[in-house]
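These protein sequence lines map, in sequence, to chains A and B.
Start counting the first sequence at 1; every next residue gets the next number (this note's numbering).
Start counting the second sequence at 1; every next residue gets the next number (this note's numbering).
Please keep in mind that the hints were generated in silico from the structure rather than gathered at the bench.
Where hints are given, some of them may not hold.
Here are the computed distance ranges between Cβ atoms for each label pair [stated by the list, open to error]:
no., chain 1, residue 1, chain 2, residue 2, range
1, B, Asp66, A, Glu352, 24 to 32 angstroms
2, A, Pro10, B, Ala80, 42 to 50 angstroms
3, B, Val239, A, Pro359, 55 to 63 angstroms
4, B, Tyr329, A, Ser302, 54 to 62 angstroms
5, A, Ser302, B, Gly125, 41 to 49 angstroms
6, A, Gly377, B, Thr3, 26 to 34 angstroms
7, A, Val15, B, Ser18, 53 to 61 angstroms
8, A, Glu404, B, Gly197, 51 to 59 angstroms
9, B, Gly326, A, Arg313, 39 to 47 angstroms
10, B, Lys238, A, Lys137, 46 to 54 angstroms
11, A, Glu301, B, Ser18, 20 to 28 angstroms
12, B, Thr3, A, Arg313, 12 to 20 angstroms
13, B, Gly9, A, Pro364, 39 to 47 angstroms
Below, in silico cross-link-like pairs of lysine-lysine (DSS-like), each with a Cα-Cα straight-line distance of 27 angstroms or less [said to hold, decoys possible]:
no., chain 1, residue 1, chain 2, residue 2
14, B, Lys105, B, Lys318
15, A, Lys251, A, Lys66
16, A, Lys326, A, Lys251
17, B, Lys318, A, Lys326
18, A, Lys70, A, Lys37
19, B, Lys105, A, Lys326
20, B, Lys85, B, Lys120
21, A, Lys447, A, Lys424
22, A, Lys326, B, Lys120
23, A, Lys241, A, Lys408
24, A, Lys326, B, Lys57
25, A, Lys434, A, Lys447
Cβ coordinates follow ideal geometry from the N, Cα and C atoms, glycine included.
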Amino acid sequence: MPVFEYAPAPESRAVVDIAPSYGLFIDGEFTEAGDGKVFKTLSPSSEEALSEVAQAGVEDVDRAVKAARKAFETWSALPGAERAKYLFRIARIIQERSRELAVLESLDNGKPIRESRDADLPLVAAHFFYYAGWADKLAYAGYGADPRPLGVAGQIIPWNFPLLMLAWKIAPALATGNTVVLKPAETTPLSALFFADICRQAGLPKGVVNIVTGDGSTGAELVAHPGIDKVAFTGSTEVGKAIARTVAGTKKKVTLELGGKAANIVFDDAPIDQAVEGIIGGIFFNQGHVCCAGSRLLVQESVQDELLDALKRRMSTLRVGDPLDKNTDIGAINSAEQLARIRTLADAGEAEGAERWAPQCELPSSGYWFAPTLFTGVTQAHRIAREEIFGPVLSVLTFRTPEEAVAKANNTPYGLSAGIWTEKGSRILWMANKLRAGVVWSNTFNKFDPASPFGGYKESGYGREGGRHGLEAYLDV
Amino acid sequence: MPTTVPAYGKEAAERLASMADVTAGDGALRRFLHGLPGVDAVGLQARAATLGTRSIKTTAKAYAIDLAISMIDLTTLEGADTPGKVRALCAKGINPDPTDRTAPKVAAICVYGDMVATAKEALTGSGIHVAAVATAFPSGRASLPVKLADTRDAVAAGADEIDMVIDRGAFLSGRYLDVFEEIRQVKEACVREDGSGTAAHLKVIFETGELQTYDNVRRASWLAMLAGADFIKTSTGKVAVNATPPVTLVLLEAVRDFRTAVGVQVGVKPAGGIRTSKDAIKYLVMVNETLGDEWLSPEWFRFGASSLLNDLLMQRQKLSTGRYSGPDYVTVD
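Work the whole structure out from these sequences, hints included.
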């Protein structure tokens, strides 16, 4: 009897038309960089160059900020209901073009189409719908009778959820009456440039949204530009600290959403099968390129063997490969640089004595790939228990009592998220009060909703995105 | 992990005996069943839904359709059943697609006990099993002696498989040992009285739509397997809610864990409400990714269905001819 082998089920690339080159989106027009510099963006699953995009220099950033400043006058003066119309229109266009955008995102980022189709894109549209709803109700948000926007927001987003992070930044900014200059990550600029086209399609007034592509230097120029009133950054803690230093002493308002090393805590009375799914989703969703990933599994010693057997069995069914195949669970690592970082940390885990395990899986020969990996015998002293790996690597630690679980979970400079798995409701509430993390999930993990605020404690950053709380970051309050 | 033996094999009894301490009394059995890990409903449903997004195309689809046909317990359980109707169903089971003899035959024909002899005769030499529902199907509301007589009667008439229902009333009121004893005695009644020492295979139906919670479904699964079930089955098809992917996933996890713990392999049969090829393929994906190859055969996985077969045949015709088929190109029985 043959085994049930899934035939390739590739999503068609034909739905997306990528131009050979893209300029900067400034004041409603695509323009070349002042000095004509460009860089290539690669598909991480094949290392194929997808397109060439402009590298914005200091003059380009200045032009973009000035365009945003000019647009702010009229945009902020519009009644909220009028701004809402544009946001609703953008949300609907995103839904209409969701297949195209999902394929584009999977090509440029390397994430599986199942996730870009079923997680990223629905959340992107939902975020715009949600903040569209707030635009004419700001007087009731709890920030005063007539809360005012800040002005021009400089926004820098990471490569792990390019379009979703764009939505998290742009939707609340526009709803509250700000205009924006957004810099997408160097390795994933394309969906932001497609979003620029959506802004035009929606008839958004020129200059309200400006997109400047480039590397870290472009981001640094944007943050330092005297013409911006607000900096919103999602990315590494290291860059976040540099941004905080740059804006110190200025009037710029800052929100930072940085790294994490979340504990996913499994008690012996947990619903084991669902806990295993939650652990898998917690660390292998988006190849582990998730700031709130459950990268530290804290398992109660009395259930450790059973849980690890189940986890390994489940990991063996993960399908790693072509991001555009609809049956792929784990796609490509976003860049060679990130792959090198994951390898370094995984090697350090082995060198420091943790036991490494990965299921049998064949990785494609071209592109950047890393098999889903599990480390057991990890202690708080290991680098892989302390440093953010940002890849499909899970470190397993154990605990004996709830107090010990809390102590170990909190014993990190980060504090973005945590997960609790137990059937005992009172313990969930007790734990949630003790855990120093911005989001605490109980009997689930990596669940997102535009109505729910998201953000960190400690070195995971400050400020909240999403929900009513997310408005505050863009209001002069 | 002990080596695996099939639930219907002789060695299974010894394996079950190793669990005798948990079935020794009402208290022990209750503590054991309530000590099983809980099921988080939201997480379970999410997992079933995600598996439902698998895209099964071309060669994989062809394989899945033929596998699904070969796993069908083609069923007629109506008050209006007649020998003629049963014979027509048997003919269909043997040759599902009269225009394409390469279509596989179904696994079994499932009928009420009084139709067993008719079905048995119509299926002679085909290799297709006759399954009989028994134990006061579908409600199970009769005394134990009546249920046992119902079972023996079907076995004596030649049934290869018995689909029994559990006493949901006893289960819901916490009388687990009563349910256990009943299954055990029905299993004994499945032994053929022809001196061959063989027995009809026992499928135990939970009527999951009446048990309501996934925790109950997991407990019922373990209870039935400890009592000697060869197959565990979701539903009768006679109530509002029958087989669903999440409920079936609980059963699949239970047989997987039972084999790990006890070394006995038990089959799974979702029944009722599975009408389209797309649905059937989703179930096969669930089996594949929860249990793997070892359960992907009619010996270990069945569909209790009637209208499903025609949809599978139409999809099969579409794959082989490239053109969409229609209901006039498959047989109505």
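Status of the hints after comparison with the structure:
At roughly 51 angstroms, the beta-carbon separation of B/Asp66 and A/Glu352 lies outside the given 24 to 32 angstroms, and the hint is violated. At roughly 49 angstroms, the beta-carbon separation of A/Pro10 and B/Ala80 lies within the given 42 to 50 angstroms, and the hint holds. Look at B/Val239 against A/Pro359: about 41 angstroms separates their beta carbons, and that is not inside 55 to 63 angstroms. Between B/Tyr329 and A/Ser302 the beta carbon distance is about 59 angstroms. The supplied range of 54 to 62 angstroms therefore holds.
Taking 41 to 49 angstroms as the suggested C-beta distance range, the pair A/Ser302 and B/Gly125 does not conform, at roughly 56 angstroms. In this structure, A/Gly377 and B/Thr3 meet the distance hint of 26 to 34 angstroms, their C-beta atoms being roughly 30 angstroms apart. Hint check: A/Val15 to B/Ser18, Cβ distance near 57 angstroms, so the stated range 53 to 61 angstroms holds. Our hint of 51 to 59 angstroms for A/Glu404 and B/Gly197 holds, since their Cβ atoms are close to 56 angstroms apart.
A hinted range of 39 to 47 angstroms for the beta carbons of B/Gly326 and A/Arg313 is consistent with their spacing of about 43 angstroms. Here the CB-CB span from B/Lys238 to A/Lys137 is close to 51 angstroms, well matched to the stated 46 to 54 angstroms. Taking 20 to 28 angstroms as the suggested C-beta distance range, the pair A/Glu301 and B/Ser18 conforms, at roughly 26 angstroms. Between B/Thr3 and A/Arg313 the Cβ separation comes to about 18 angstroms, which falls inside the hinted range of 12 to 20 angstroms.
The hinted window of 39 to 47 angstroms between B/Gly9 and A/Pro364 holds, with their beta carbons roughly 43 angstroms apart. This hinted pair checks out: B/Lys105 and B/Lys318 have alpha carbons roughly 19 angstroms apart, not beyond 27 angstroms. Between A/Lys251 and A/Lys66 the alpha-carbon distance is near 18 angstroms, which keeps this suggested pair within the 27 angstroms criterion. Under the criterion of a C-alpha separation no larger than 27 angstroms, the hint pairing A/Lys326 with A/Lys251 is inconsistent with the structure, at around 47 angstroms.
Proximity of B/Lys318 to A/Lys326 is assessed by CA-CA distance (about 22 angstroms); at most 27 angstroms being required, the pair is judged to hold. The straight-line distance between the Cα atoms of A/Lys70 and A/Lys37 is roughly 26 angstroms, inside the 27 angstroms bound, and the hint therefore holds. This hinted pair does not check out: B/Lys105 and A/Lys326 have alpha carbons roughly 31 angstroms apart, beyond 27 angstroms. Between B/Lys85 and B/Lys120 the CA atoms are separated by roughly 14 angstroms; this keeps the pair inside 27 angstroms, and the hint holds.
This hinted pair checks out: A/Lys447 and A/Lys424 have alpha carbons roughly 20 angstroms apart, not beyond 27 angstroms. A threshold of 27 angstroms between alpha carbons decides the hint, and for A/Lys326 with B/Lys120 the separation of about 45 angstroms lies outside it, so the pair is violated. Using a Cα cut-off of 27 angstroms, the hinted pair A/Lys241 and A/Lys408 holds, with the two alpha carbons roughly 25 angstroms apart. Restraint check for A/Lys326 and B/Lys57: satisfied, since their Cα atoms lie roughly 11 angstroms apart, inside the 27 angstroms limit.
At most 27 angstroms may separate the alpha-carbon atoms for a hinted pair to count; A/Lys434 and A/Lys447 meet this at roughly 21 angstroms.
This entry does not satisfy hints 1, 3, 5, 16, 19, 22, going by the numbered hints stated previously.
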